[in-house]
Structures are given as structure tokens and as C-alpha cells.
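Engineer: So you can see what is in the structure, the chains are spelled out below.
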Amino acid sequence: MVSGALLFQSLILGLLLGGLYALLAAGLTLYFGIMRVVMLAHAAFIILSAYLAWWFSSVTGLDPMISLVGSVPLFYGIGYLLHRYLLSRLRPTTMTMMSVLLTFGIALAIEGLLGLVWTGTQRRINLPYGPTSISFLGAQIPVVQIISFGLAALSLGVLYLIMKRTQFGRSLRATIQHGQAAQLVGIDTTKVAGMGFGLGLATAAIGGAALSLQATIYPSLHWHWIGPLMAIIVVGGLGSIPGAAIAALALGTIRVLLEIPMGPTWAQTIFYVALFLTLMLRPQGFFGGRLAQRF
Amino acid sequence: MTDAGGAIALRTEALSKSFGGVHAVDDATTEFFEGKINGLIGPNGSGKTTFFNCVTGMIQPDSGRVYYRDREITRWQPHKVARTGLGRTFQLCRVFPRLTVLDNLLVAVHPAHPLAYLGRPRELALVERARGILGRVGLEHLETAEARDISYGQQKLLELAAALMADPEMVMLDEPAGGVNPALIERIAALVAELNAEGTTFLVVEHNMEFIMNLCHHVVVFDRGRPIAAGTADQVQQDPKVLEAYLGV
Amino acid sequence: MPNDSEVRTAVAPPGSTAVARLRSLGSGRTGPLVGIVVVIAVLATWPLLAANPYMLSAGVIVLNFAVFATAWNLMGGLTGYVSLGHIAFFGLGSYGTGLAVIHLGINSFVAVLLAAIVVGLISLLVGWAALRVRGASFVIVTIAIVLVLLLVFQSWRSVTGGSSGLVVPRPFPDMLRPEHHRVFFYIFLGLLALVLVSYLVVDRSRLGQALKAIREDEDKAQSLGIPTALLKLAAFGISCFLTAIAGGVYALWFGDLDPIFQFDVVLSSQIALMALLGGVRYLFGPLVGAIIVGSALEYFLLNFGETQFHLVATGLLLVAVVLFAPDGVLALGAALIRRLGPSATSIREMSAADVRAQQDERAAARGAGAGGSVTEEPSERASDD
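So the protein lines, in turn, are chains A, B and C. Heads up: take any position in the first sequence, counting from 1, add 1, and you land on the numbering used here. Heads up: take any position in the second sequence, counting from 1, add 37, and you land on the numbering used here. Heads up: take any position in the third sequence, counting from 1, add 312, and you land on the numbering used here.
If you're looking for bench data, these hints aren't it; they were derived computationally from the structure. A hint or two may mislead.
Computed from the model, here is a short list of chain C residues facing chain B with C-beta under 10 Å [what the hints assert, rightly or not]:
(1) 485
(2) 527
(3) 543
(4) 610
Idealized CB from N, CA, C, for every residue including glycine.
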């Protein structure tokens, strides 16, 4: 039988991982809310950011987190341009399908470019505090996991404040809920949507840097992430950020707990099981709106 | 005088649907009569279209029941509802843009057995029937055009023609007069009256008062998701509740 | 109407334009069949032209793509449900065939059929769940199917051999390599004919008409009484069955299966790319796309080796197709022909009155040309798409 201590440790680790999932999925569900777009390149951008963090750290010897100073504005800009010059050019009637293919193409291009520039070799950042763990009620918690969870929680908090408390957030929410109505009250929806995309991609920059602390990275790693992230946003209800966060915490925790009896590979299938169960029982997702079935 | 003579074709019992706390349809109990042109009117946002969608199965009501000719059809899938003889059109006219006008009609014919789907789509008898209906609505000259290439008014007529192709006993029209010119409104009204004289029951949703009042035998008025009055056009027009809802007096 | 095409040829006026004749060839009842025969005959010359066994094997690969993409199009093109996970059924077909040959000891081609039937049944179960959602959610689900199967087949080593692979016994053990490629080239060619005819049959049936209605507007289709769930499932099942056959034959040809390749979501997307690039509304669209993309992939592999370059190229090509040619190269070609043809304006810019005038004109021309009676006209229009 599994010891209580191991179970407790797994529970903590699961919640920490779930926090990171929540940040990574937030961007994905944000794009969906804005444009009914499934942004398949999201995970590829996450890996790109992780590579930038690794590269920055190995060239300068500084802490990889400092790379965020450059990568967050960069990703914000890319997101804005991506929306402005690629996605908004698609015909509204075929938007959903074509955007999937378009972002899939972008994901492949990013993966290929990472391979061309940095080869397919696996990379890992060597941090002075990398192997350190903190003892908490008998559980050994690696410091890097705490840092990435903290970063995720902080970013989600900021995202929440932006959405709820700023003029831009209000405009963005109005655009999400009813684009035409938002236009009528004088909101430049194209610009707001572009900024929303930038915001989503900025979360990918932060998430990628957080990921680089604790994971070995390689160009095709994004496939490993996009599946679970998509499952999370469907389970949470497409377009719902709180839904995605709850689903992420729950599935992340279950995943880590399942690793004890099943090993990591089989545990990973929990995301797909959850995805299929959601579609069978409640296609609109468990926390979000009624969008999922139609899109 | 009440016009509530004749059998009830469509009936709802305490039908309710809300979206995130907004009661779009709220405890709606209504009756619509066989062989009549029934009207459903109400101000914008009074839940007419949601009511329509609940009846035809496009969305699932939260509670309540729907009966068509004494048969409960609550939560039936839309294609099953259509096959019981209840046709419909959509508010913002919906046709199949990249099918031809003729094909827009031919898809509306359902074979009795699923295996018949392997058969040819253009049996001569069906094509003739489709041409007959196109002739009636005045689109026979456009049958080979793709639906996206004809005008909006023509698309409205096409949608009506497609609904007729399935030979429905009752047709539900969602804002047939919306966004079309007065001449075409008259034509649609004449067509509805004509088809009704031949035995087709209608339920027309409109907020164009005039259209409803001139055409309908029986009118139900919706406000904030519930029926507030029912009767002949004259009756409901004099109902103080209706005046209040419509004019805010 | 058995004599429908006869009537049509009888009324076809001698003075009809080349474009009209071309149009009737593309949409008549026998035209596309003739087209399939011609295309297959042309492709059959490849083994005679191929300079070396490598070119021959490249031909086999491209044909495999063409079969796969056409089978994909039966779902993706007709219903508009873009699946990026069809490789799942390809992979299941190949593993099913391999395992059946190894464990049941049956004839290799019987094994292909058996595996395809089983996969077809599985696809009905999967489709029943996946087709409950539309658009982007459907795409998510199809990708998820591939990712989950990849995990399962990599982990379930005792059955699948995991990453070390599964060796499938060859159906013709005594055959030399070039001969082996040649035989499989013709097998795949036969398969291509089968898939093209299947697509044609579905496309021309009432099912195809209903599927296209679903593609255009699913809610509307439902409201007209079309049992959308059932018909989508039927299309999905047929498409997956044909895909599984392609996978099974691939297993016999290649002889070595690895989950990384059999459940490769990138290849899966390349298949969708081929269909889109060629044109999903055209019978030969996926074939054209497969030839273009397949040749390009081989070219990149030959000239740049095993780099990541082909990923970048595929990605950028996908982006370009979506942005600039969402209807495919065949649509661009058709538009070009139309512009060069006698009717200079596209139908889009014609008003109803113009259409009417044009039809009257055509009817008059027809009447003059064939001296035809009024009754003949409808029967032509009935079969004119």
C-alpha cells in the first residue's frame, strides 16, 4: 500500500503542477473566448519561451526568469500581430476550421525552427537551486516547482485584475460576450481582440519560462502539452478562465496521484479520459458557458 | 368573440428556458390551432425566438412540455421534430449557400429508410415537385444558381420553399417579414394565406405588428418570456397589458 | 432513370461550347468514372518511367498519401468536419493487420480486410462521441485520439513492441526489393481507384447531398429533418474504414511499425493539408494535393536530409494555403478556366435577371440546336449539377 507521506507529497506536487497547467490553459481559453479560435500553436509558443529562457541563461549565466523582461513584451507583440494580420483575415464563415489549420501550421513552423536553430538535443537549465527541496510536513517539495507555481499564481492574479479592474479588461470582456454590441458602444473590437491575443501569448511566455525551470525541453515537446491543455479547456468549458483553472488544478492533481500506481505515461491518459467523459456527459464543459458544443 | 375553435395543433405547458439567470422563456403555456395562421408577437427580446427554438428542439428547455397534436415532442432532436410534420424557417434567413436553389429543396426530402440515403438524390418525381414549389414562390428561373448568389429576399422565399418541400402539416416562420422590402412582404403574406387555405397550419413569429394583424387568425403576445395575452388580432390589440408591453403606456 | 444519360447526349446541341462540354464531363454520371479510369491509367505508367527503386518507392508513398487523403476527404470535404486525427485509424489499421498476420496466421490481405472492419467498428464508437461536438471542439477531439493512442501503443510493449517496433511478415517473402515496390505500387493504385469510386458514389448519392447540407449549415439541415448525427457517423465510418485499409496495406509494404510514425499527428495534419491544398470540393483534389505535398516532402528529405526543414515548410505551406487558397489549387484552376471561357463574369456578380436571361438564351440555343421539345430540357437540368 502507498504510504500516507507519499500520497501527501503527490497531492502537493499535483496542486503545484495544476497551477502551472492553469496558467498555460488560461491563454488557450482566452483566445477561444475572443475569437472562437483554438490556438494550436499556444504550446509551441510556450516551448519557444522555454527555449528563450534556456538560451538567455546559458549565454549570460543569469537567472532564466530575467528573460521574461524581453520575452513577455515580444510575445505580446507577436500575439497582437498574429491576430491582426493572420487570424482576422480569415472569412468568418470558415473561421473556426481555418484558424485551427492556420495555428497548426504556425506550431509546426515553430517546432521546425527550434530544431533548426538549437537542434533536437534535449536541453535543461542548470540552476544553483535546481536540486534543492523544501521539507513541508514531511513532504519534499522541489524549490523550482514552488517558484513556477508562484509565478503561475501571480500571473493568473494579474490576469484576473486586468480583466476585472481595467478599462481594457472591461472592453475585452464586452468583446468576448457580444462583439457587435461592443462595437456599437464604441469599442474598437479588432484592436481589443488583438490586445487580448497579445495578453494570451504573454501568458505563454511566462508559462514557458516557468516550465524551463523544471523540465527538460526539446522542439517536439509541445505535442506533449497541447493535448492536456485542450482537454483542460474543454473540461472547464471553452472560454471560461475560472473553469480552466479549476479543471487544471483537478486534473493536474489527479494526474500526479495516478502516477503512483500507473507510472507517468498511463497517468497522462487521464486528460483524454476526462475529455471524452466530458463530451459524453456534458459537452458544454463543467464550469463554462454553452459554447463548446457549437464550436 | 373568440376564435379558439378547432383542434389544437401545438401546445406548450409551462415551458421555461433561462440563460445564466436571464429567463428567456418563463413558464410559457400556449396553444396554437390547427388549420389557422397563428401569430406570436412581442417586443424585441421577449423570448419569441428562444420559444421557437425550444419547440423545434434546437435548444433544450429547462422545464415544461411541448405537444404537437397530442404527442409530446419535448426535447426531441430537431430532425425528429421536422419529421413529425413541423417545418420551420430561421430568423436570419438560412439557406445552404453553396448548394443550388434546386438542391436546397431536394435535401429537405427525407427518405423513409436510412438505407435510401444511398439512392440517387435527383429522382425525377422529386425534381418535378421541387420545381412546382419553386414556381409557386417565383424562383423557378433560378434553380441552377447557387443560393449565395441570389438576393436576400429570394433567399427568404427559398427558405420557405425548402420548408414546404418536406410537406409539413405545420410551418413555423421566424420573422418572415424581417429585412425585406414591402412588396415582398405582401407577396410572402399572400403566399402564407394561400397555403393556409390549402390546409397548412402556420405559426408566424414577428414584431411587425401590421403583418401579424392582417394575416393571423389567432395571436399570442409575449412579454419578458411569458404569454400575456391571446385571442384574435382585434382582441389582443385592445388588451391593456399588450398596450403597456408594446408602447410602455 | 436508367436512360437519363442517353437523353442528355441526345439533347446536347452540336453547337454547345467547349466549356459546357467540359462542365458536363465533370458533373455528368459517366464523366467522373471516365476521369478515374484515365487518371489511374496515367498513374500506372509511373513504374515504367521510374529510373530506380527509390523513385518507385517514392511513388508508393505518394499513392499511399493519395488514398489516405481521398478517404479523409470523404469526411472532411463532404461534411466540413476537419479531422486532424485520421492517422489514428491508419495506425490502428496497420497494427491490426500486423497483429492479425502474426498471431492469427491468416493471409495478409484477409488480415487487412479484417483489421479494417474492426477499425471501422471502433471508429463508429469513437465517432459517436467525437461527433457530438462541432468545429474546433471536433478538431481537438481528433487530435486527442491520436495523442492517446500514441501513449497507449508506446506503453503497451507486450502487444505492440513499443518503440522498438513491430515487424510485419511480408506477404511475398521471395520477392526482391524493386519487384516488391512495383507490386505494391499497383496494389495502392487499385486502392486509389476503390477510394475514388467510393467517394464518387457517396458524393452522388442522397447521402452526399445531405452531408453537403450539413457542411453548409448543420442546424438548418437538422431543422429540415435530416438525421445529421446518423449521416455524419456513416461518413466517418466509411472514411475510417478506407483509411484503415490504406494503413493495413502500408503495414504489409513497409513491414516495420513504430508508434511514433503510425500515430504521427504531423503526418495526420499533412494529410488534411493535401486535401485542402488540392481542393476538398473536388474528386481529384486530395490526389493532386498528395502529389504536390508528397513530392515536396520527398524532395526536402532528399536534399536537406533529416533536418527540421520539412516541418517549417509544411507549416508555412499550411499557413499559405489557408490564407490564400482555402478552396485549393483546383478551385484556382477552375476560376482561371472560367475567366478564359466565354462567360466572362463570374456567377457571383450576376443578378437574378442576368441568370434568367442567360438561361433563356441557353434554352433558345438548345431548342435551335437540337430542335428539341420542351420536355427534354428538364431532364437535362435534372442531371446537370
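Engineer: Which hints from the list above does the structure break, by number from lowest to highest?
Structural biologist: 1, 4
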